[in-house]
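What follows is the residue order along each chain.
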Amino acid sequence: MTLANLRQSVSDWIFRARVPEVAPVTLVQRRIFILPTRQGYVFAFTLMLLLIASINYTLSLGFLLTFLLAAMGGVAMLHTWRNLAHLKLRPGRSDPVFAGEMARFGVSVETPSRARFAVAMRRRGDEAEVVDVETGNLAGVHLTVPARRRGRLDCGRVEIFTRYPVGFFHAWSYFDFGQSVIVYPRPDPLAGLPPMHSRNESEEGIPIPGDDEFNLLRPYRPGDPPRQIAWKALARGQDLLTKEFNATASSELWLDWEQTRANDAEARLSALAHWVMESERLGQSYGLRLPGTSIAPGRGDAHRAHCLEALALFGDPRPQ
Amino acid sequence: MNAVVVAPTLDMRNVMWLLAAMTFVVAPHMERAPLWVAAFCACAVGWRGWIAWSALRFPPRWLVIAITLGASAAIFLSYGRLLGRDAGVTLLIVMVAMKLLEMRTQREVVLCVYLGFFLVMTNFLFSQSIPLGIYLLACVWLFVATLVGFHRTARPPTIRERLVPAAALLAQALPLMAVLFLLFPRVQGPLWALPQDARAGLSGLSDSMTPGTISQLIQSEALAFRVQFEEKIPPFETLYWRGPVLWSFDGRTWKMPEFSPAGNLDYPRTARPVRYSITMEPHGKHWVFALDVPGSLPPGVAVRFDQRLHSVRPIDARIRYDMTSYLDYRLGSRLPPMLRDFALRFDETRNPRTVALGRQWAAETPDKAALVNRAFQYFNREFTYTLEPPLLGDRDPYDEFLFTTKRGFCEHYAGAFALLMRAAGVPSRVVTGYQGGEINPFNNELIVRQADAHAWTEIWLDDRGWVRLDPTAAVSPLRVEGGVNAALGPIGAFSSFLAADKLGVLSSLRYGWHMLNSQWDQWIVGYNTDRQRQLFSRFGLGSADWRSLLLWLVAGTLVVGIAIGLGLLLRDMPRRGEASLTAWRRYCAKLAASGLARAPHEGPLDYLARVSAARPELAPQAEAITHSYVQARYGGGATREELRELRQRVRAFRVA
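Which chain is which? The protein sequence lines are X and W, in order. Note that this note's numbering has the first sequence beginning at 1, numbered continuously upward. Note that this note's numbering has the second sequence beginning at 1, numbered continuously upward.
Bear in mind the hints are in silico, worked out from the structure with no lab data behind them. Note that the coordinates shown come from a computational prediction; the quantities given were computed from them, not determined experimentally. Check each hint, because a few of them may be wrong.
As the list claims (entries may be wrong) - Residues from chain W that keep clear of chain X, each with C-beta distances beyond 12 Å, as calculated:
id : residue
1  : F24
2  : R57
3  : V64
4  : A66
5  : F76
6  : L77
7  : P261
8  : Y267
9  : A369
10 : E400
11 : A473
12 : L516
13 : R533
14 : R585
Said to hold, decoys possible - What follows is a list of derived Cβ distance ranges for each label pair:
id : chain 1 : residue 1 : chain 2 : residue 2 : range
15 : W       : W47       : X       : L35       : 55 to 61 Å
16 : W       : R610      : X       : T26       : 35 to 41 Å
17 : W       : G284      : X       : R30       : 56 to 62 Å
18 : W       : W47       : X       : L240      : 34 to 40 Å
19 : W       : W47       : X       : G106      : 43 to 49 Å
20 : X       : G315      : W       : I562      : 41 to 47 Å
Don't be surprised by glycine CBs; every beta carbon is placed ideally from N, CA and C.
With the hints as constraints, model all of the structure from the sequences given.
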């Protein structure tokens with residue numbers, strides 16, 4: 001076991017996680033730890049040298065300087081600590097991502113009184129994100145984590161720390177909201193178009209929303225895809241309108257685990273993820289069949305998210 | 001709101017701040033340093049600024065090393081060495097300038113700021129005056145502001161956002177600094193041998209006197225020492241501050257004797273002593289001045305056989321000591337033959353005319369008192385007191401002075417008189433020191449400057465012992481009665497300006513400034529082990545050994561530290577309950593006491609309606625309270641004034 005590992009285990013043991021925590025977390029006094037930084041130690045060494053010089057040359061103003069700086073260091077400790085104290089933390093939005101993308105865990109910070117500066121957050125081993133928290137403003141921090149594998153990505157314990165104002169001290173605290181994001185399987189473009197053979201399973205002739213044929217213009221609703229916005233109408237000075245299309249050949253499509261050509265489970269999931277995306281892009285209504293699960297056909301963002309989540313969590317013993 | 005990744009990037013503004021702080025802190029040194037150093041630093045700072053400004057590449061390492069070596073060589077050429085105070089400080093400055101040129105990471109910047117603190121310290125080696133202290137405090141502020149800027153990693157701060165937190169840090173550090181300064185156990189330095197030039201530039205009397213040495217000192221307005229008398233200041237013409245006593249004479253130079261047996265302070269005294277304390281500027285020599293003649297010894301000071309005070313350590317730092325002196329005394333009841341011989345010795349072959357004159361006088365005037373009178377009259381008739389005496393030759397300077405130039409300063413008269421006396425068979429010696437001083441009307445302190453340096457003579461009379469005679473007084477009585485300015489007219493343009501403004505605004509300012517300086521020197525610059533002890537006994541804190549000092553130090557630091565901490569922490573404690581709510585609860589409690597308790601489900605307005613119906617006489621009061629509460633808590637909030645008003649109303653609310 002290396003020294004760094006040992007240190008990590010000791011700190012894990014000392015700062016045992018109390019997870020998951022109920023939001024909002026307020027950084028009360030006893031949650032904040034503080035230790036000198038390397039810069040702080042060098043500063044202390046500088047003070048020693050200044051003191052010795054003052055003694056040697058009997059420089060009263062040298063003593064004054066040394067003591068002023070020493071006292072400033074002491075006060076800086078209070079300031080650093082205070083820069084975290086009473087901060088209120090809440091988990092923010094964390095959207096699902098595809099494997100290979102960057103997952104972002106949102107945390108919002110709020111100060112009850114003064115503005116706080118250079119408040120940084122980081123997961124273990126990651127780069128820190130720094131933010132200034134102005135009074136009366138909610139500052140948002142996004143911790144970016146590479147999502148390597150599909151499934152559920154836990155944010156884990158986050159260190160919030162600061163070295164402001166002079167960097168002699170490192171004040172820190174930990175929090176863990178038990179945040180996680182769903183990581184969808186990486187869509188595999190080699191899987192090609194989804195198999196269309198099941199088209200005739202559905203009834204035909206009933207107009208359901210689709211992409212094929214222009215039907216009408218209706219007022220814009222949040223969430224409408226940008227490519228359906230009537231940009232020409234907007235350019236003419238009209239309100240934001242959305243073009244609605246009908247799918248004439250509405251059809252249902254079953255995306256089936258068994259239909260994927262791959263043998264490997266992960267590859268199958270990737271192929272299915274690609275099909276989900278493609279079907280959605282084509283305006284197809286689709287259902288999903290996985291071993292042990294089946295999702296009835298449908299379409300739209302919610303349906304797609306539902307399907308992708310099923311793919312992401314396939315084989316995950318944890319309840320959703 | 002935007003998050004930025006912490007990276008050791010050097011923001012251009014931050015670098016500029018550091019460069020500005022460095023420039024300010026080095027500036028006072030440029031007065032002393034050779035011109036090329038100033039040019040060198042300006043180039044280095046400019047270059048680094050340019051790199052930061054236009055995101056240029058740094059100079060390659062070999063170039064930096066080459067320049068550093070070159071600059072070090074130049075320092076060696078300029079100073080003749082690399083160590084020592086002046087050369088060492090210049091070397092440090094050059095090194096820091098070069099460090100700036102290869103400063104790439106945040107860690108190096110922080111190191112540079114720490115080096116900046118060192119540069120602040122180096123300034124104190126040269127001066128610890130009030131203006132410089134204030135100036136360097138501003139420099140420290142700039143450095144701390146630079147540090148603050150470097151730790152604002154999210155968004156570059158504004159000038160205000162740098163300066164204000166830095167000022168807050170320093171201001172809050174001041175009380176702790178005071179505690180540490182007063183209570184930190186002082187160790188008497190130096191810890192190791194100081195470089196030879198550590199005290200260079202100190203002026204003062206030397207251990208020898210040739211015609212012309214003291215008149216050089218007279219040009220200096222520099223402070224020699226300050227005296228605070230316990231009672232009133234003795235008459236001006238008695239203020240002879242005894243310094244080195246010169247016995248050996250080689251025809252030109254009067255010197256301190258090489259042998260110097262210990263003496264004592266037992267001599268017949270006739271009057272009450274004068275008590276005073278002296279704050280002496282460092283002069284790097286061993287002598288300690290006292291009013292003629294000393295009656296006590298400060299710690300660390302011994303008396304020599306000629307009543308000269310000798311400090312065991314050279315006076316390297318400003319010291320303060322209490323003294324007593326007897327202005328009316330009889331010095332010496334008997335002169336041992338060896339000393340008599342010593343006090344009569346001179347080189348027969350030099351200054352032949354002076355020696356002949358002395359011998360002639362002795363033959364014509366056997367009475368010693370008459371002899372002295374004759375000499376004084378001789379000086380009084382034909383001689384002129386001047387600060388710019390003609391140069392005298394090396395061989396027979398006193399002949400030249402007495403018979404040719406006849407213009408001289410105190411050292412000419414004292415030396416010539418002592419020689420005349422020796423030639424006439426009267427044992428004599430030259431005493432150097434200071435005479436007079438300037439009284440500061442603000443604190444009644446006597447300021448003695450190098451300009452007050454003086455030399456006089458002591459002769460031995462068998463029935464009186466050593467008697468002080470000041471031949472300068474014979475030439476220029478004003479010198480002794482009114483000081484050198486009175487005798488010669490004001491020295492220098494500033495003094496003549498002041499002379500025109502006798503006791504006007506300018507001199508008040510000047511004396512006020514002197515008083516401030518005096519306090520500063522006594523309590524800040526001169527604060528040492530003795531002062532610490534004095535302070536302790538004044539406050540009855542017991543002995544000031546390092547153990548009790550340490551104890552008080554810890555206690556003081558804790559108390560002040562906790563006070564500062566609590567002050568800061570209480571300020572941002574979240575408010576528990578609002579002021580309006582507290583007042584409202586009190587109001588409800590008052591009503592509840594008379595049986596009109598508010599139901600838990602009852603809103604303020606419903607409650608008001610019920611109260612008004614039940615007790616119509618309370619309605620106006622209740623209405624005012626309720627409405628302002630509702631406004632404060634559920635409406636637009638309340639100002640401090642409104643809250644105070646609400647509280648007052650509730651306090652005044654009486655339910656009969």
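Do the hints match the structure? See the list:
Its beta-carbon lying about 15 Å from the closest one in chain X, F24 of chain W satisfies the requirement of being farther than 12 Å from that chain. No Cβ of chain X comes within 12 Å of the Cβ of R57 of chain W; the nearest lies about 26 Å off, and the non-interface call holds. The beta carbon of V64 of chain W is kept farther than 12 Å from every beta carbon of chain X, the shortest such distance being approximately 22 Å. With 12 Å as the threshold on Cβ separation, the claim that A66 of chain W sits away from chain X holds: the shortest Cβ distance comes to roughly 28 Å.
Every beta carbon of chain X lies more than 12 Å from that of F76 of chain W, the smallest distance being close to 23 Å; the non-interface claim holds. Residue-level check passed: L77 of chain W sits 26 Å from the nearest beta carbon of chain X, beyond 12 Å. The claim that P261 of chain W lies off the interface holds: its Cβ sits roughly 31 Å from the closest Cβ of chain X, which is beyond the 12 Å cut-off. At roughly 35 Å, the least C-beta separation between Y267 of chain W and chain X is larger than 12 Å, which holds for a residue marked as non-interface.
The claim that A369 of chain W is not at the interface with chain X holds, since no C-beta of that chain comes within 12 Å of its own (minimum 49 Å). Every Cβ of chain X is farther than 12 Å from the Cβ of E400 of chain W; the closest lies at roughly 45 Å, confirming the non-interface assignment. Remark: the non-interface label on A473 of chain W is consistent with the geometry, its nearest Cβ contact in chain X lying 39 Å away (cut-off 12 Å). Residue placement check: L516 of chain W keeps its beta carbon more than 12 Å from all beta carbons of chain X (closest about 15 Å).
Every C-beta of chain X lies more than 12 Å from that of R533 of chain W, the closest at about 16 Å, which supports listing it as non-interface. At roughly 23 Å from the closest C-beta of chain X, the C-beta of R585 of chain W stays outside 12 Å, upholding its exclusion from the interface. Roughly 38 Å separates the CB atoms of W47 of chain W and L35 of chain X, a value that falls outside the hinted 55 to 61 Å. A hinted range of 35 to 41 Å for the beta carbons of R610 of chain W and T26 of chain X is consistent with their spacing of about 39 Å.
For G284 of chain W and R30 of chain X, the hinted distance range of 56 to 62 Å is satisfied, since their beta carbons lie about 58 Å from each other. At roughly 56 Å, the beta carbons of W47 of chain W and L240 of chain X sit outside the given window of 34 to 40 Å. Between W47 of chain W and G106 of chain X the CB atoms are about 45 Å apart, so this pair conforms to the stated range of 43 to 49 Å. About 58 Å separates the C-beta atoms of G315 of chain X and I562 of chain W, a value inconsistent with the hinted range of 41 to 47 Å.
Violated hints for the displayed structure, listed by number in ascending order: 15, 18, 20.
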